[in-house]
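> Next come the chains, spelled out residue by residue.
Protein chains: 2
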Amino acid sequence: MTPMSADELEARLRDIGARRYHRLHPFHRLLHGGGCTKGQVQAWALNRYYYQAMIPVKDASLIARCEDSATRREWRGRLVDHDGAHAGEGGIARWLKLTDGLGLDRDYVVSLRGLLPATRFAVDAYVHFVREKPLVEAIASSLTELFSPQIISERIEGMLRSYDFVTAETLAYFSQRPPQAERDARFALDYVKQNARTRETQQGVLAALEFKCDVLWAMLDALYHAYVAPKHLPPGAFAPPD
Amino acid sequence: MTPMSADELEARLRDIGARRYHRLHPFHRLLHGGGCTKGQVQAWALNRYYYQAMIPVKDASLIARCEDSATRREWRGRLVDHDGAHAGEGGIARWLKLTDGLGLDRDYVVSLRGLLPATRFAVDAYVHFVREKPLVEAIASSLTELFSPQIISERIEGMLRSYDFVTAETLAYFSQRPPQAERDARFALDYVKQNARTRETQQGVLAALEFKCDVLWAMLDALYHAYVAPKHLPPGAFAPPD
Chain A
1 MTPMSADELE
11 ARLRDIGARR
21 YHRLHPFHRL
31 LHGGGCTKGQ
41 VQAWALNRYY
51 YQAMIPVKDA
61 SLIARCEDSA
71 TRREWRGRLV
81 DHDGAHAGEG
91 GIARWLKLTD
101 GLGLDRDYVV
111 SLRGLLPATR
121 FAVDAYVHFV
131 REKPLVEAIA
141 SSLTELFSPQ
151 IISERIEGML
161 RSYDFVTAET
171 LAYFSQRPPQ
181 AERDARFALD
191 YVKQNARTRE
201 TQQGVLAALE
211 FKCDVLWAML
221 DALYHAYVAP
231 KHLPPGAFAP
241 PD
Chain B
243 MTPMSADELE
253 ARLRDIGARR
263 YHRLHPFHRL
273 LHGGGCTKGQ
283 VQAWALNRYY
293 YQAMIPVKDA
303 SLIARCEDSA
313 TRREWRGRLV
323 DHDGAHAGEG
333 GIARWLKLTD
343 GLGLDRDYVV
353 SLRGLLPATR
363 FAVDAYVHFV
373 REKPLVEAIA
383 SSLTELFSPQ
393 IISERIEGML
403 RSYDFVTAET
413 LAYFSQRPPQ
423 AERDARFALD
433 YVKQNARTRE
443 TQQGVLAALE
453 FKCDVLWAML
463 DALYHAYVAP
473 KHLPPGAFAP
483 PD
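Quick note, the sequences are listed as chains A and B, same order.
Counting from 1, one number per residue, gives the positions in the first sequence under the numbering used here.
Counting from 243, one number per residue, gives the positions in the second sequence under the numbering used here.
Mixed in with the good hints, there may be bad ones.
[Unchecked claim] Cβ-Cβ distance ranges computed for the label pairs, FRET-style:
{"hint": "1", "chain 1": "B", "residue 1": "GLU442", "chain 2": "A", "residue 2": "GLU132", "range": "43 to 49 Å"}
{"hint": "2", "chain 1": "A", "residue 1": "ALA85", "chain 2": "B", "residue 2": "ARG373", "range": "31 to 37 Å"}
{"hint": "3", "chain 1": "A", "residue 1": "THR37", "chain 2": "B", "residue 2": "ARG261", "range": "26 to 32 Å"}
{"hint": "4", "chain 1": "B", "residue 1": "SER417", "chain 2": "A", "residue 2": "ASP164", "range": "57 to 63 Å"}
{"hint": "5", "chain 1": "B", "residue 1": "GLY319", "chain 2": "A", "residue 2": "ASP190", "range": "49 to 55 Å"}
No lab work stands behind these hints, which were simulated from the structure alone.
Being a predicted model, the structure only gives us computed values, none of them experimental.
Heads up, the beta-carbon is just placed ideally off N, CA and C, and yes, glycines get one too.
Sequences are here, hints too, so could you generate the full structure?
Written out as structure tokens, the structure reads:
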């Protein structure tokens, strides 16, 4: 098989996003369309917290595998974005403002005691993927950020319009993310286009993005099963008051 | 905190099984009670295949961590049980007789193309757990076998009674398992009782069994969501003909 051109590879990557990104998941339609109870929004934020909390672990694992200073330096910006320059800053701290604003106890959120096991398995699968797969695939798995600015704008608009328990302040995480995601996605896309030159490597890159879409999708499947229908809560998971 | 006695530890482990083993999951009630369509039984067998296929990988990972010959020798029996003495023998081969008997294409099953991503994440979480956690916790995570003889007898009886597409021959996997599981569970339980002597280690052992129950439970949650209700199939997953 001859390799794809870089532009064809990009088109195939964008097509995966168009078909498999979690924007299309029924849980997000409910969340953004105002169809969730407060308890369901809490469950989403609580579970998604673990994803947020593990992102710098994932990114540090990736940096640890880079042999060139330039890539490490570039990727290091993600650590700053998520962990902040000081305590109380950065993406994880902003996510905790969201869970605070939703009335969740911060110690409980951070303890992960109420997490759905499926959330943990999906997020950990992502971290292991980045540790174990070829570097170009690890980088490609971040490319869901190509599609996140759109979902974030839908989310901010839909949630502010629909839920009186959500404010612009509690959604501060999202207002910060789009320019970071755009910068990061551009770097990762350029890296992948430059470094995936054989058909086999390109197939690996496409599979990596599908894998990452599966991670995000499986997290919403688990939320839907536990909190929307049939509301079948796994033992020990967060039980919303409503 | 003072350590528990070995008998108290065993009682706490058995209590976890009584509350959290997947025998209690609604999907198993459907499966064993005759409430599944053939497509749902196929989806169960196809997904569970990945669990079966990874068991020897898990067991070899555990053996690789044992520093004494006696434990390695004992645990090696599990490799024989699952991989067989020759091609076509052992637990994985018997599981493929089940998927054959259900009319699934063997190459398709083995390719894992139709697997639910959540199945992969849960099973891989188990393998990673065994590789990364303290050895006594890795061994404790196998203790769901304490509870498997009961579920297997319910399964054989219920499935033979309920489904005309299931025969004793296709269920051969299960008729072989109870004595193996009883022998293995006895060894693992004795090991854990002898080696978990501090309260902290004992808490780790209890958490390990809860973790393993979560793995099995999450696999059934994902099956339920995709194939029972709301039948919301993740992109690319096996789509039953019925």
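> Against each hint, give a clear statement of whether it holds in the structure.
Verification of the hints:
Taken as a hint, the range 43 to 49 Å is violated for the pair B/GLU442 and A/GLU132, whose Cβ atoms sit roughly 30 Å apart. About 35 Å separates the C-beta atoms of A/ALA85 and B/ARG373, a value consistent with the hinted range of 31 to 37 Å. Under the hint 26 to 32 Å, the C-beta atoms of A/THR37 and B/ARG261, about 27 Å apart, fit the expected range. For B/SER417 and A/ASP164, the hinted distance range of 57 to 63 Å is satisfied, since their beta carbons lie about 59 Å from each other.
Checking the proposed 49 to 55 Å range against B/GLY319 and A/ASP190 shows it holds: the Cβ atoms sit about 52 Å from each other.
The structure does not agree with numbered hint 1 stated previously, though it agrees with all others.
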